[in-house]
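In the numbering used here, the protein residues as written are 1 to 166.
Note that these hints are calculated values from the structure, not bench results. Among the hints, erroneous ones may be present.
[To be verified] Distance ranges between label pairs, derived from CB positions:
(1) His74 - Pro166: 24 to 34 angstroms
(2) Glu126 - Glu106: 11 to 21 angstroms
(3) Lys40 - Lys3: 49 to 59 angstroms
(4) Gln105 - Pro166: 30 to 40 angstroms
Predicted model, so just to flag it, every value in this text is computed and none were measured. For glycine and all other residues, C-beta sits at the position ideal for the given N, C-alpha and C.
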Amino acid sequence: MNKYLSYALQLTFFVALYLVLEIWQTRNLLPDDGSQQAPKFSLAGIDGEVYQSAQLNQVPTVIYFFAPWCKVCHYSISNLQKLYEDTPIDQLNVLAVVLDWQNKQEVEEYIKDHNLTMPVLLGTNETMEDFKIQAFPTYYVLDKDQKITKVSMGYSTEIGLRMNTP
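Kindly generate the complete structure, drawing on both the sequences and the hints.
Written out as structure tokens, the structure is:
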């Protein structure tokens with residue numbers, strides 16, 4: 001067997017393994033086939049404003065659920081921040097929802113440590129249940145009608161985020 005065929009087989013194996021793991025990880029999340037609208041929400045932002053799902057203005061949306069103590073979240077949130085900075089607000093809403101947090105100071109420190117400028121919403125146990133969050137980080141991508149078109153759990157690269165958003 002030549003070495004290029006060997007490399008191709010190994011790459012195929014790892015891609016297949018990745019896809020199987022992604023399907024297994026997200027099996028209990030809300031369906032991402034575009035058949036279901038995301039749960040409605042009304043959450044306070046760390047900035048004091050109230051954010052409601054009804055205000056998403058017919059624009060595709062990425063909702064990123066994270067916890068301040070989550071190590072993977074510390075590595076991946078900069079990719080989301082970059083997506084937020086590079087995409088006009090009239091083309092994509094980007095929201096970060098903090099869950100499993102102890103106090104606002106902890107969230108404010110996280111925001112400062114990561115230089116976040118995107119809206120950070122203070123999630124609740126009800127939010128966690130509504131979106132069936134089981135691990136951090138979890139992403140939901142919604143189309144302009146707020147129907148779920150993609151779910152992902154775990155680290156996501158900037159390229160991966162861009163590929164999964166409209």
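To see whether the hints hold, each was checked on the structure:
no.	hint	result
1	His74 - Pro166: 24 to 34 angstroms	holds (27 angstroms)
2	Glu126 - Glu106: 11 to 21 angstroms	holds (20 angstroms)
3	Lys40 - Lys3: 49 to 59 angstroms	holds (54 angstroms)
4	Gln105 - Pro166: 30 to 40 angstroms	holds (36 angstroms)
Comparing the model with each numbered hint stated earlier shows that all of them hold.
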